[in-house]
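Please model the complete structure; the sequences and the hints are all you need to start from.
Protein chains: 2
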Amino acid sequence: MSEMGFLTDAVDGSKVKLGDGERDRHANDWATEGRVEATPDAVVYPTTTEDVSNVVAVCDERGVPVTPYAAGTGLEGNAVPVRRGVSLDMTEMDAVLDVRPDDFQIDVEPGVYGSAVNEAVEGDGLFFPPLPSSGSISTIGGMVANDAGGMGTVRYGKVGDWIDELEVVLADGRIVEFGSKAKKTSSGYRMRDLIVGSEGTLGVVTRATLRLKGIPEQIRGGRATFDSLDDAAGAVFDAVRSEVDVAKIELVDATAASMANSYLGTDLPDAPMVFVEFHANHGVEREVGFARSVFEAHDVASFEVGADDEADELWELRRELGVAVRSANPSLEPVHAGDIAVPITEYPDTVRYIKELSEEHGVPIPCFGHAGDGNIHYLVLVEEGDDEAMREGVELYEKVVEHALEVGGTCTGEHGIGLGKRKFMGREHGEGGVRAMRTVKDALDPNGTLNPGKVFPDDGEDPL
Amino acid sequence: MSEMGFLTDAVDGSKVKLGDGERDRHANDWATEGRVEATPDAVVYPTTTEDVSNVVAVCDERGVPVTPYAAGTGLEGNAVPVRRGVSLDMTEMDAVLDVRPDDFQIDVEPGVYGSAVNEAVEGDGLFFPPLPSSGSISTIGGMVANDAGGMGTVRYGKVGDWIDELEVVLADGRIVEFGSKAKKTSSGYRMRDLIVGSEGTLGVVTRATLRLKGIPEQIRGGRATFDSLDDAAGAVFDAVRSEVDVAKIELVDATAASMANSYLGTDLPDAPMVFVEFHANHGVEREVGFARSVFEAHDVASFEVGADDEADELWELRRELGVAVRSANPSLEPVHAGDIAVPITEYPDTVRYIKELSEEHGVPIPCFGHAGDGNIHYLVLVEEGDDEAMREGVELYEKVVEHALEVGGTCTGEHGIGLGKRKFMGREHGEGGVRAMRTVKDALDPNGTLNPGKVFPDDGEDPL
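Sequence order for the protein chains is A and B. Be aware that the first sequence starts at 1, since it is given in UniProt numbering, and climbs by one per residue. Be aware that the second sequence starts at 1, since it is given in UniProt numbering, and climbs by one per residue.
Calculated from the structure, these hints are not laboratory results. Among the hints, a few may not be true.
Just so you know, same-sequence chains aren't split out, so a pair can sit in one copy or run between any two.
[To be verified] With a cut-off of at most 20 Å between alpha-carbon atoms, the simulated SDA-like pairs for lysine to any residue come out as follows:
(1) Lys17 <-> Met4
(2) Lys213 <-> Ser242
(3) Lys213 <-> Asp238
(4) Lys213 <-> Glu392
(5) Lys423 <-> Glu177
(6) Lys15 <-> Asp245
(7) Lys15 <-> Thr39
This is the structure:
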């Protein structure tokens, strides 16, 4: 560890942590826990942009990898320092710098938690629409790095659609600003959008100007249950095709529902469900009625809609679903928390395909997620410690990704590539597409300093 | 010209034009006509992606510049072949390839005119929301290259926000696909968004999958007149701040109105005006009423709202305004068709600043444009042939750009950088920001084959 001494030339020594506890805590994220040993040589907690610049610059000079680390909630190993070096923990840069309600903008440091953005602007009647379900436990920096999506994405788009400007430290330590505080610009390359979703491999975000929106005057939430999963998935497709103006439309299959009941103590019916939310400034009942008529055409068994606070419990449950399905049965181990997205016309067939795989192989695969985006979260669960079952589980898991790619979809809707999806990059983007991305990476980070081992399939073995 | 013979090894000879007429026709765009002589050595009309790939590849090998050319309606010299070589005219690649209404997608070749997209999907009840005012005379390829915006951008975003997938030929002739047909993805770098707005300097778009939307059930258009320009600009700001749900909100100042009257034979009042359009599936009168109350707080003199077709004339006039202000007085010459955008809080002051410059110097500067985006189109008009007046005019024109940058805005809201705005790149993005863009350019186009002389301030003298 003593070879990390140069870091204290770059930043105040109190910001450099070399102890085992800190280093171990940065060796994993939610995806890799217990599977990958990637303890960094040092953890640095910068508190200013200059700190970030200084650390990245000295590491770049010395060939020491720097892996930005946010809240550690990544699901593809995105922030795991597989080449060791420095884990750059951004959570101390957590200031809300400025709120400009009349411009619908807020400037934040990357370590600000998503929910803190909403708290900072609630008094102005504003909110940050694309927050992921993990909004209260994940940071803006992590969301930018993965171009996160959430339940509101079906109406409002992804995190990347709500960023006006980014301050970024590049691999050589240069500090740059990309984007504009003007709502629209055609000035030069869209570098801001290149940084979004690049998982810390092209630069470290040190400040973000986010765009906000007025909290809708009318919010209604509700739950529809269906007799069959086919009906539920068909109803979602039909709602999207008919442009029912939903702000959230989430599928929860019967397997996921029963796991939620056992883990969270809820009393969901043992049936496929669709959770919906409607946002409007007037006429919200019209949209609720429109949804009802669409759902009725798919033999909806029940459809209950209430006011905002009545639905709160529903969304709280939905947010905890990811953890519930991983943890409900301690004797079952998840293969990987998968996330694919397909064109909406392919959504019902893709859900059916997954359930057929599940039945055929007798393996539970709960499905849920942002149905309106054609986005499916699924978890292949196998007996803990059964290597043969794990091998088969991985095969099933990968079959789903391959199916998504076959029908024109993507291997990752909102979790990024990280370690876990690297093997699908060539299949999704073609050799030429991956090569173009690699060209950009090599140009902006010629020494491979920033988050090495991620995104690209040729960048070392898969440690997962 | 005989040195262009190698082109017929790459594509069928009938697609290569060496005659003066064709070459002269590709020497300019709307911005440079009469100001720049940049006749290409050859014009090539590819009809397939392979044609584009072959031409770009042989040119790249031989160091011959290739400048993609669409409809020639650019306002910053974006497609003018200042280094000669090949003008790659994409207008023969004008097929609508596929329409998938249930996925809200259309696949088109780049030479398809914007209005043709709407015609192709109207029968399915769909439209392409971000079309620029020039939609009937400009192509999708040109719009993608400039990340064009339009009147609908205030509600729907820019062209770049409505692209799911692009097929692109890179500088070495490689054919790649960027983006996804899934509505959302976090798979690898957002190369699609890097290509958008790169003005043909990073690749040539050969196919685009555009996202569509249902035509709203209720459309209302109207016109508000105000006693003062301050009132009009303040009313726009207040409407945006209050989130009145407008689909278009356009400012037309009294100077522009009177020029429209003289050139187009219209009978607009000689007063500052705001044109508005409302889109909704229900409750549109609520939004109209909301707008009325906001406008009344700014002493609106009149506010007339009619059904869709009544407003058609208004929008037709608005679309022709750009030409009208350039041409109304034949003894006046425009300095440059400028386009800036500022944060909406700065919009009223920026409009006032321009009018003060105009009055102070006795120079007409009509202002109009997409007010809700903080986007101002302005034209400094000087006596034709008066060099001293032209020098002063250029100064005024540049003062406006500098003002926009000072208040956090951009030097170009929707026209791109091209030749005309290169000098402001450093000021807007900083030396580091421009250098990062240049790094990307040099990596993806190491020989500088694609549209050389554009975007970057260091790339040769300004021929404008």
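Quick rundown of the hints versus the structure:
1. Lys17 <-> Met4: Close inside one copy (10 Å), not across copies (63 Å); limit 20 Å.
2. Lys213 <-> Ser242: between (25 Å within a copy, 10 Å between copies)
3. Lys213 <-> Asp238: Answer is between: at 15 Å across copies they meet the 20 Å cutoff, but 28 Å inside does not.
4. Lys213 <-> Glu392: neither (46 Å within a copy, 42 Å between copies)
5. Lys423 <-> Glu177: between (32 Å within a copy, 18 Å between copies)
6. Lys15 <-> Asp245: neither (48 Å within a copy, 48 Å between copies)
7. Lys15 <-> Thr39: Cα proximity of Lys15 and Thr39: one copy only (18 Å, versus 60 Å across).
The structure fails hints 4 and 6 (numbered hints given earlier, in ascending order).
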